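Given chain L, put chains Z, G, W, E and V in place with the hints provided.
There are 6 protein chains.
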Amino acid sequence: MRPSGRELSEMRTVSIETGVTKHAEGSCMIRIGDTHVLCTATIEDRVPPFIKGSGLGWVTAEYGMLPRSTTSRMRREAQAGKQGGRTVEIQRLIGRSLRAGVDRVALGERQITIDCDVIQADGGTRCAAITGGWVVLKLAVQKLMKAGEVTSDPLTDPVAAVSCGIYAGQPVLDLDYPEDSEAGVDGNFIMTGSKRLIEVQMSAEGSTYSRDQMNQLLDLAEKGVDELVAAQLAATGA
Amino acid sequence: MRPSGRELSEMRTVSIETGVTKHAEGSCMIRIGDTHVLCTATIEDRVPPFIKGSGLGWVTAEYGMLPRSTTSRMRREAQAGKQGGRTVEIQRLIGRSLRAGVDRVALGERQITIDCDVIQADGGTRCAAITGGWVVLKLAVQKLMKAGEVTSDPLTDPVAAVSCGIYAGQPVLDLDYPEDSEAGVDGNFIMTGSKRLIEVQMSAEGSTYSRDQMNQLLDLAEKGVDELVAAQLAATGA
Amino acid sequence: MRPSGRELSEMRTVSIETGVTKHAEGSCMIRIGDTHVLCTATIEDRVPPFIKGSGLGWVTAEYGMLPRSTTSRMRREAQAGKQGGRTVEIQRLIGRSLRAGVDRVALGERQITIDCDVIQADGGTRCAAITGGWVVLKLAVQKLMKAGEVTSDPLTDPVAAVSCGIYAGQPVLDLDYPEDSEAGVDGNFIMTGSKRLIEVQMSAEGSTYSRDQMNQLLDLAEKGVDELVAAQLAATGA
Amino acid sequence: MRPSGRELSEMRTVSIETGVTKHAEGSCMIRIGDTHVLCTATIEDRVPPFIKGSGLGWVTAEYGMLPRSTTSRMRREAQAGKQGGRTVEIQRLIGRSLRAGVDRVALGERQITIDCDVIQADGGTRCAAITGGWVVLKLAVQKLMKAGEVTSDPLTDPVAAVSCGIYAGQPVLDLDYPEDSEAGVDGNFIMTGSKRLIEVQMSAEGSTYSRDQMNQLLDLAEKGVDELVAAQLAATGA
Amino acid sequence: MRPSGRELSEMRTVSIETGVTKHAEGSCMIRIGDTHVLCTATIEDRVPPFIKGSGLGWVTAEYGMLPRSTTSRMRREAQAGKQGGRTVEIQRLIGRSLRAGVDRVALGERQITIDCDVIQADGGTRCAAITGGWVVLKLAVQKLMKAGEVTSDPLTDPVAAVSCGIYAGQPVLDLDYPEDSEAGVDGNFIMTGSKRLIEVQMSAEGSTYSRDQMNQLLDLAEKGVDELVAAQLAATGA
Amino acid sequence: MRPSGRELSEMRTVSIETGVTKHAEGSCMIRIGDTHVLCTATIEDRVPPFIKGSGLGWVTAEYGMLPRSTTSRMRREAQAGKQGGRTVEIQRLIGRSLRAGVDRVALGERQITIDCDVIQADGGTRCAAITGGWVVLKLAVQKLMKAGEVTSDPLTDPVAAVSCGIYAGQPVLDLDYPEDSEAGVDGNFIMTGSKRLIEVQMSAEGSTYSRDQMNQLLDLAEKGVDELVAAQLAATGA
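Chains as they are written, first to last, in full-length UniProt numbering: chain L, 1 to 238; chain Z, 1 to 238; chain G, 1 to 238; chain W, 1 to 238; chain E, 1 to 238; chain V, 1 to 238.
In case anyone wonders, no lab produced these hints; they're calculated from the structure. Please read all numbers here as calculations on a predicted model, not as lab measurements. Treat the hints with care, as some may be off.
To be verified - Computed footprint of chain V on chain W; a stretch qualifies when at least three of its residues, placed anywhere within it, have a C-beta under 8 angstroms from a C-beta of chain V:
(1) 19 to 25
(2) 59 to 69
(3) 79 to 92
(4) 112 to 120
To be verified - Computed list of lysine-lysine pairs in DSSO-like fashion (alpha-carbon distance at most 30 angstroms, straight line):
(5) Z:22 <-> G:82
(6) Z:22 <-> G:223
(7) W:22 <-> V:223
(8) V:82 <-> W:22
(9) W:52 <-> G:82
(10) G:223 <-> W:195
(11) E:52 <-> W:52
(12) L:82 <-> Z:82
(13) G:82 <-> V:82
(14) G:195 <-> W:195
(15) Z:52 <-> W:52
(16) V:52 <-> L:52
(17) G:195 <-> W:223
(18) L:195 <-> Z:195
(19) E:82 <-> W:82
(20) E:82 <-> L:22
(21) W:82 <-> G:52
(22) G:22 <-> Z:22
(23) G:82 <-> W:82
(24) G:22 <-> Z:82
(25) Z:52 <-> G:82
(26) E:82 <-> Z:82
(27) G:82 <-> E:82
(28) Z:82 <-> G:52
(29) V:52 <-> G:52
(30) E:22 <-> L:82
(31) W:82 <-> V:82
(32) L:52 <-> G:52
In this text, a Cβ means the ideal position worked out from N, Cα and C, and glycines have one as well.
The shape of chain L in the complex, shown without the other chains (with noise of 0.2 angstroms):
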């Protein structure tokens, strides 16, 4: 019934490659089915004025699509001279993610920027840089302490996300680009491996939905984040 034939709780096939650039203290190509994102982790010593001598770290997230991403070629945001709405949305959101699974206090005064870059996408790429977004900030920290500058480790339980949406009537788990386009309501949920909620962003374009149906979104989505979490404590040995 689903556009790729899989089951209405079936998550694409994942993989998480680490390592894929030289240069970032982390980096990883993670591949939710056909949808792309290669991540890095930056490590820097500055962090934002308003946490300046507090003794906290900071994370914070930038996100972009590959003008060819897509079916049909975007306009490059480089070029257009802004970032959009929707772009600005997604890497509030990443970077919000991400520092809620952190202990800023053992991770120290400093800042750790993620760039995630979609090289394909097929729906779901802000769930995807979310998940794989935690695995190189994970590496980046891995780093700093096998070198002994944080000797806590700020991110103990894992933070993931998957989208789910109810499609021709049914509840589905990660929705590709197919399906995505179709789905009256879809959300967006963001968990830590011990399941606490992170942050739930589920709308309705055009329609509404009961407290029924989203509880069973959740609950898709608790089956998936399990999925994911297996991938990143696969790909960061943790």
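Showing chains Z, G, W, E and V alone in chain L's frame:
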């Protein structure tokens, strides 16, 4: 226990004054406690290119804050040369939420733009903007119906929004600014008058939450929306 | 003969309501007929680089129009990505005019920013902004004097502004929008309460005028300023 | 008593050299003392959208300063990414002033763009730009008349501009930079050859002035305009 | 003697992997040592206005670097609000170089956009982009020919690029980043497979060079281009 | 055979007039036929951050065209809100070329900014800008040496530039606009007075060229540079 002395499930005073500017097709000043937002509706015959010729209507929104609507002066966005990320995120939410409650076939091929400008801010400006935005949308539609340009009411169920959060460990309704700046978890809940969900955005900054806590906030939100819808109906004579 | 039925030398009704927002150090809504401008004053300890260390104070202004303050909706300048030429011209005029009436030594090394936002426009917004701007400047200074931070009053003579023009061949006081859009010659006259001139801007679009006509408009302007100053003094208790 | 040793009512030397660039439909270098402005006129068949089909012509102007036209180097506006407030204000003034002296019916539905670029600045650049701008406008119109595209002269009365101010307590004609930077009151006076007024902009920075002083400056300005118009007529053979 | 231990006339390892993204009409990852550039081709039916109706085709290019493709993180250009001077210069060069090798009549009135995004940088990114850009251009054209939309091959001679420079006093082929940052003279040589020149850009930073040295670098470049063209032909099966 | 009737190896008339503006530390108007560029040099004590404290000097350049320097009016870049790709490319070339001829140790830790503004364009503006740029750089340095601020001449060998191309199948020296717009191959050759090369940029638009042709153009360029250097030495009394 709340800074304002309110009960955990107590809304601030709600008032909606209509007809506050003479040029707009609909206007109101919505006041939720000390949060004051001026909303106007503008009807135009043109629609965005992607629905031209479809017969469907469109509702869009823009949001702004006057520089001194806040405790300390904010930089004017027109001066800065662009709308910030938070502004873009909010105005997309307002437009999406209001569209979910509109029968776009009944509206017919025209666009209604909702402008929401914060005159004074004390927490919950986006929720006030959605709630007031629906009022001026309704007023504009009433004008179209009186003129016979629209014959079947495209707005049968009001759309309202309220924020709830976990403050000092307790679930509270309708966060004001002192609460909002301290709450580790807060959510915006957009619903129809019949309590169907349109959008849930619930996020944690530097912490996490459980599904139980989420359900407690949803219960509070339903209570708040009842009060807001009553004020909307009174203001529009609907 | 005037569209509004007013006498040639008759002002519209003037009202100034103070204390309209709780955060600003001074605030008012000035209404000149159907032109309504919200003015706020913000006191800051920093001054622009070019007077740092001089002991002198600074007054600056910004101006904006809400998108639907006008008959048809204007594009939001924050959206357009810059302030238009007219906006820039007006806010420079407001700042310059108010500074002319300030004893900058008495003010001391601090900056007061006057924000003037047009809620509803019906001609003469820049004059209303200057007149209301002086009121909130005065309120802010009164707060500084009460707190003992300023000891000698830097604002001894009010600053007010009115527009006059040649409409249908006749000199008229206080142009409203229907007159303004027809007048071949119009001027903005900024004066002190003692009728000293601060700025005269009198221009013809597609025509010219004589020195006699200029003097007739100046006579009318003096009459208008008397009424405005009375309202300013009443509003500030000065 | 004046830094330059000039009499109170003495203009600087005025020269207008035409035909200084080969591409423009009209060009001149106007020199008012050490202030040198290159003016060009460009004729185009298109007009702005708001007068399309009206049969009326349009005149518009742009203004710029070369980075090292001033004592210390100014930042290039193309580099800064926008025209500053002062630039915008000046080019709007030039366009408005020149249009006041044009019979737009006689000009016919075409646009003439006047570019005024300051090569060397020593005070009074906007007045030089208006005065030189009229010269190149006239040259362009003469070309149109010679070609038979315009049959009735739309420019019957020259437009010229001069600044006057109160320097060291005395009314002086044609302020140069050392005077301009010290003058508490200065004005720009734009008139026709027959001494009809087009625009008066007289402002005080940090002081005020009386109507008597205003009239003294107007008297001086009339004298200056006589000299400028003589130079304009000589340059255009009119 | 070279940091990498290569011979003076030794290229880095070249590999070109095609079909790396599913949406583009042509795609490849070109790797020249540690320099990795993702190239995609997009076919569109529209052409730029200046050749509309001419029957001629157009090829254009855009270039970008992922923020962490470099040793230390670069600011994202979409964030900065514009493409930097270096980016603009490079993408103009890529487009110009590829167009030189295209029979634009044979291509027909369509546009092919080549996007070159640097995934990892280690010197020579613009040359890799041109070399990989020709590969994806060829793949897109092969698709058009297979579909019968283009009948005569517009790409008969490959276009490839290599950098050479004078490093430690010696002419060397294919500079990597450590060499590039030290070389006083370096050049980019763009040629066809038959060794016709398309563009030579050879510049000295803080020094000069002789015609003899220029000829030595050209000799090296011809050798490098031979290797690159072999890889291009293998990748495209041409 | 050339549109201008010149011999294949004949330069246009070259003239360099110095001292054309009074504020700059060096200024000239360079005229290469109908191409006229105004060059100024500005000395500043500050240097870019990346060489602060190094004791080295810096030379940088900016380039602009007056809107009506060209046959049809170009849009003013300050109005467009950014410098176009061509402008950026040219000003980077000018700066790089001039720096190659400067002993930055002898110059000492100061910056000289060369502004090149095209007053009238007829092909070869970038070459004229470099040639005139060296003249004003020399004039500024002479002023520093006269004042004893620089003791050893940092400019011992002039830098000049000329364009050559293949026009109607023949190699020609110093392309004017009619030739430039037709030439399939053209190059810019920047050299010192002793004929050492600084930069060669030779590109084909829609065609290719051989090494022989390249050498023919280099021969012509050497001849042209001899004439330009003679004019530079005459203008600077060097």
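Quick rundown of the hints versus the structure:
With 4 residues having a beta carbon nearer than 8 angstroms to a beta carbon of chain V, the region 19 to 25 of chain W meets the requirement of three or more and the stated coverage holds. For the region 59 to 69 of chain W, the assignment as covered by chain V holds, since 6 residues bring a beta-carbon within under 8 angstroms of that chain's beta-carbons and 3 suffice. Evaluation of the coverage hint for the region 79 to 92 of chain W: fulfilled, as 6 residues show C-beta separations to chain V shorter than 8 angstroms, against a requirement of three. Counting residues of the region 112 to 120 of chain W whose CB lies closer than 8 angstroms to any CB of chain V gives 5, so the stated coverage by that chain holds, three being the minimum.
With a C-alpha separation of about 27 angstroms, the suggested pairing of residue 22 of chain Z with residue 82 of chain G holds against the 30 angstroms cut-off. Restraint check for residue 22 of chain Z and residue 223 of chain G: the C-alpha separation of about 29 angstroms stays at or below 30 angstroms, so the hint holds. Pair hint residue 22 of chain W plus residue 223 of chain V holds up; C-alpha atoms about 29 angstroms apart against a cutoff of 30 angstroms. Our distance criterion of 30 angstroms between C-alpha atoms is met by residue 82 of chain V and residue 22 of chain W, whose separation comes to about 27 angstroms.
Simply put, residue 52 of chain W and residue 82 of chain G have alpha-carbon atoms about 26 angstroms apart, close enough for the 30 angstroms limit, and the pair holds. Of the supplied pair hints, the one linking residue 223 of chain G and residue 195 of chain W holds, its CA atoms being roughly 28 angstroms apart against a limit of 30 angstroms. Only pairs whose Cα atoms come within 30 angstroms are accepted, and residue 52 of chain E paired with residue 52 of chain W is accepted, the gap being roughly 26 angstroms. A distance of roughly 9 angstroms separates the Cα atoms of residue 82 of chain L and residue 82 of chain Z; the hinted pair therefore holds under the 30 angstroms criterion.
Distance restraint check for residue 82 of chain G and residue 82 of chain V: the Cα-Cα separation of roughly 14 angstroms lies within the 30 angstroms cut-off, and the hinted pair is therefore satisfied. With a C-alpha separation of about 27 angstroms, the suggested pair residue 195 of chain G and residue 195 of chain W falls inside the 30 angstroms cut-off, and the hint holds. For a cut-off of 30 angstroms, the pair hint linking residue 52 of chain Z to residue 52 of chain W stands: about 26 angstroms separates their Cα positions. A distance of roughly 26 angstroms separates the Cα atoms of residue 52 of chain V and residue 52 of chain L; the hinted pair therefore holds under the 30 angstroms criterion.
Under the criterion of a C-alpha separation no larger than 30 angstroms, the hint pairing residue 195 of chain G with residue 223 of chain W is consistent with the structure, at around 28 angstroms. A distance of roughly 27 angstroms separates the Cα atoms of residue 195 of chain L and residue 195 of chain Z; the hinted pair therefore holds under the 30 angstroms criterion. For the given pair, residue 82 of chain E sits about 14 angstroms from residue 82 of chain W by alpha-carbon distance, which is consistent with the 30 angstroms threshold. For the hint pairing residue 82 of chain E with residue 22 of chain L, the CA-to-CA distance comes to about 27 angstroms; that is within 30 angstroms, so the pair holds.
Distance check on the hinted pair: residue 82 of chain W and residue 52 of chain G sit about 26 angstroms apart at the alpha-carbon level, within 30 angstroms; holds. Proximity of residue 22 of chain G to residue 22 of chain Z is assessed by CA-CA distance (about 25 angstroms); at most 30 angstroms being required, the pair is judged to hold. At most 30 angstroms may separate the alpha-carbon atoms for a hinted pair to count; residue 82 of chain G and residue 82 of chain W meet this at roughly 9 angstroms. Taking the CA atoms of residue 22 of chain G and residue 82 of chain Z, the gap is near 27 angstroms; set against the 30 angstroms cutoff, the hint holds.
Distance hint between residue 52 of chain Z and residue 82 of chain G is fulfilled; the C-alpha atoms sit about 29 angstroms from each other, no more than 30 angstroms. Taken as a hint, the residue 82 of chain E and residue 82 of chain Z pair is honoured in the structure, with Cα atoms around 14 angstroms apart against an allowance of 30 angstroms. For the proposed pair residue 82 of chain G and residue 82 of chain E, the alpha carbon gap of about 16 angstroms is at most 30 angstroms, so the pair holds. Distance check on the hinted pair: residue 82 of chain Z and residue 52 of chain G sit about 29 angstroms apart at the alpha-carbon level, within 30 angstroms; holds.
Of the pairs offered as hints, the one joining residue 52 of chain V and residue 52 of chain G holds, with about 25 angstroms between alpha carbons and a cut-off of 30 angstroms not exceeded. For the proposed pair residue 22 of chain E and residue 82 of chain L, the alpha carbon gap of about 27 angstroms is at most 30 angstroms, so the pair holds. Note on residue 82 of chain W and residue 82 of chain V: the hinted pairing holds, with a Cα-Cα distance of about 7 angstroms set against a maximum of 30 angstroms. For the given pair, residue 52 of chain L sits about 25 angstroms from residue 52 of chain G by alpha-carbon distance, which is consistent with the 30 angstroms threshold.
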